[in-house]
Amino acid sequence: MAVYQHDVVVVGAGLAGMRATLAAIKGGADVAMVTKVHPVRSHSNAAQGGINAALTSRGDDWEEHAYETVKGSDYLGDQDAIEVMCQEAGPAIIEMEHMGVIFNRDEEGRLGTRRFGGQQRARTFHVADITGQALLHVLYEQILKAKARVYEEWFVTSLVTDNDGAVRGVVAIEMMTGQLHLIKAKAVILATGGTGRLYEPSTNGLIVTADGQALAYAVGAPLEDMEMVQYHPTTLKGNGILMTEAARGEGAYLINKDGDRFMKKYAPNMMELASRDVVSRAEQTEINEGRGADGCVFLDLRHLGRELIETKLSYINEVALDFSNVNLAEKPCPIRPGNHYEMGGIKTDVNGRTSVKGLYAAGECACVSVHGGNRLGANSLLDTIVFGRRSGEAAVEDAKQIGEINITEAALSRDRDHIKQLLDRKPTSDTPAKIRLEMGRAMNDGVAVFRDEAGMQAALKTVRSLRERYTTLAVHDKGQVFNTNLIFALELGFMLETAETICLGAIARKESRGAHYRTDFPKRDDENFLKHTVVTKGPKGPVITYAPVTVTKWKPQVRSY
6 MAVYQHDVVV VGAGLAGMRA TLAAIKGGAD VAMVTKVHPV RSHSNAAQGG
56 INAALTSRGD DWEEHAYETV KGSDYLGDQD AIEVMCQEAG PAIIEMEHMG
106 VIFNRDEEGR LGTRRFGGQQ RARTFHVADI TGQALLHVLY EQILKAKARV
156 YEEWFVTSLV TDNDGAVRGV VAIEMMTGQL HLIKAKAVIL ATGGTGRLYE
206 PSTNGLIVTA DGQALAYAVG APLEDMEMVQ YHPTTLKGNG ILMTEAARGE
256 GAYLINKDGD RFMKKYAPNM MELASRDVVS RAEQTEINEG RGADGCVFLD
306 LRHLGRELIE TKLSYINEVA LDFSNVNLAE KPCPIRPGNH YEMGGIKTDV
356 NGRTSVKGLY AAGECACVSV HGGNRLGANS LLDTIVFGRR SGEAAVEDAK
406 QIGEINITEA ALSRDRDHIK QLLDRKPTSD TPAKIRLEMG RAMNDGVAVF
456 RDEAGMQAAL KTVRSLRERY TTLAVHDKGQ VFNTNLIFAL ELGFMLETAE
506 TICLGAIARK ESRGAHYRTD FPKRDDENFL KHTVVTKGPK GPVITYAPVT
556 VTKWKPQVRS Y
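For the sequence shown, my numbering begins at 6 and goes up steadily by one.
Heads up, a few of these hints could be off.
Restricting the straight-line Cα-Cα distance to at most 30 Å, the calculated cross-link-like pairs of lysine-lysine (DSSO-like) are [said to hold, decoys possible]:
no. : residue 1 : residue 2
1   : K466      : K558
2   : K425      : K545
3   : K558      : K536
What follows is a set of in silico ranges between Cβ atoms, one per label pair, in the way DEER data are often shown [unchecked claim]:
no. : residue 1 : residue 2 : range
4   : T316      : L149      : 25 to 33 Å
5   : E100      : A513      : 39 to 47 Å
6   : D482      : V556      : 30 to 38 Å
7   : K262      : K528      : 25 to 33 Å
8   : D530      : L326      : 43 to 51 Å
The hints are simulated quantities; they were obtained by calculation from the structure and are not laboratory data. Quantities reported herein were computed from a predicted structural model and do not represent experimental measurements. Glycine is no exception: its CB is placed at the ideal position from the N, C-alpha and C atoms.
Work out the full structure: start from the sequences and follow the hints.
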């Protein structure tokens with residue numbers, strides 16, 4: 006066991022984590038980034054379509070972007086935070102270009118844009134359909150240039166608090182040796198991504214296991230709006246791989262088995278570019294009412310032509326060929342709604358601060374809240390860049406006020422005992438993979454595009470039953486070096502804890518808003534539920550309270566596309 010110390014520790018190496026790390030280094034801090042995978046294997050890699058910004062030089066207006074974000078959120082987004090994000094979007098895009106991101110350009114040589122759902126104007130900047138990957142690699146180059154300390158393939162098991170309850174470090178496993186270490190810090194920023202693998206299938210990679218949400222929840226930080234789970238309209242059946250919204254941004258159609266562009270019934274003005282929750286429900290309705298084929302509808306790009314597909318959408322064309330044996334230039338691809346994104350997360354302010362001193366969060370694991378009940382496509386990358394930077398800056402300023410770090414090794418001993426229990430137990434028929442699959446299927450069945458009391462209660466009952474089984478789960482691999490079986494078991498504990506908060510929040514919200522659509526309460530209820538759901542870990546389990554939504558300029562109104 007070794008003890009390390011830094012001013013700021015960032016947990017996670019995706020876009021939010023890297024941007025926070027760079028901001029903290031620029032602020033003069035000794036910064037370390039802890040990541041369970043190599044940084045460029047982070048899930049930000051999977052973001053395809055682009056990043057939103059209203060550039061005034063294009064005649065665009067950040068207030069229009071902000072309004073459409075508020076509307077997209079079904080008025081659950083905090084408008085002061087949305088204003089911050091949209092105002093800072095343009096400079097953030099230019100800054101990323103200056104770092105070296107080679108965005109697509111238009112015929113005049115200017116940065117090219119495409120239009121994404123829920124927006125009237127094309128303001129989505131992109132690198133073909135690999136935008137997340139392009140941003141991630143450029144930021145990693147900056148991390149290398151800054152000579153940041155990176156604890157690569159280290160898995161954080163818990164946050165460490167001092168006698169006043171302030172977070173002052175983390176406990177982490179060095180996977181290469183299996184040893185637990187204590188990393189002290191004056192500030193910790195969580196940037197661990199979403200909750201995708203709580204569901205099966207999902208567009209998310211296998212590493213997206215709600216680590217940060219569970220770590221923060223365990224030390225008393227509230228989780229906000231966890232019931233707001235986005236289903237993306239276009240994912241492949243079976244494996245859940247994402248077929249980017251950029252396809253529809255370039256003009257692709259959605260058709261049913263009869264070849265009908267059915268979105269004209271559900272969103273006559275914006276058609277396929279309505280907000281994601283609207284499109285997902287429309288698709289699921291078509292499927293449920295028998296106008297789908299084998300549980301799917303179809304994404305049709307044939308009219309766009311081979312050249313456009315192979316230059317601007319080459320990645321998804323490869324995916325369609327590899328996994329569905331479909332050449333997008335020749336025939337439609339079967340797709341359906343699939344789990345994609347968590348709008349809720351660790352409750353923070355616009356500078357990433359949580360209610361727990363010394364603890365910050367940014368990116369998908371955080372809830373600022375700029376996405377509310379439904380995120381607009383291409384606002385996620387913007388969220389990571391803007392609030393990653395702001396959290397890094399805030400953490401540095403606060404860390405400067407902290408003197409000596411006084412913490413014990415109690416958390417280290419507790420985590421060591423928990424791991425020893427997992428390794429010492431005799432194997433049973435249960436495995437992390439088995440429990441994880443049962444959880445994922447239960448969540449996908451009960452807390453998905455359409456929800457009702459019975460389905461959500463069934464999902465909650467299953468999750469609680471699986472949490473009970475988790476107490477006797479054994480790790481079959483008893484080794485120390487790269488014991489991925491152990492890591493999977495620890496991730497599973499985080500996921501089960503977080504899944505319960507999603508179910509409870511969804512059951513408590515007796516209305517339909519954004520991605521949370523209840524067939525037993527099909528109307529939005531602003532009188533009773535224009536408020537954030539807040540879940541805190543109490544001595545006897547989860548405690549639900551509510552927080553007001555910040556409304557600045559745009560009063561809630563009927564939401565239509």
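CB-CB spacing for V556 and D482 relative to the 30 to 38 Å hint: Once the Cβ atoms are compared, 52 Å apart, the range 30 to 38 Å for V556 and D482 is violated.
Do the beta carbons of D530 and L326 sit within 43 to 51 Å of each other? holds, 46 Å
Does the Cβ distance between E100 and A513 fall inside 39 to 47 Å? holds, 40 Å
Pair hint outcome, K558 versus K536 [Cα-Cα no greater than 30 Å]: The hint holds at about 17 Å.
Can the restraint linking K466 and K558 be considered satisfied, given a maximum Cα separation of 30 Å? violated, 41 Å
Just to be careful, I want the Cα atoms of K425 and K545 compared with a cutoff of 30 Å; is the pair within it? Holds, at about 26 Å.
Quick check on a hinted range of 25 to 33 Å for T316 and L149, using CB atoms only. holds, 30 Å
Assuming the hint says 25 to 33 Å, is it satisfied by the Cβ distance from K262 to K528 or not? Holds: the Cβ-Cβ distance is about 31 Å, inside 25 to 33 Å.
In summary, the numbered hints that this structure violates are 1 and 6.
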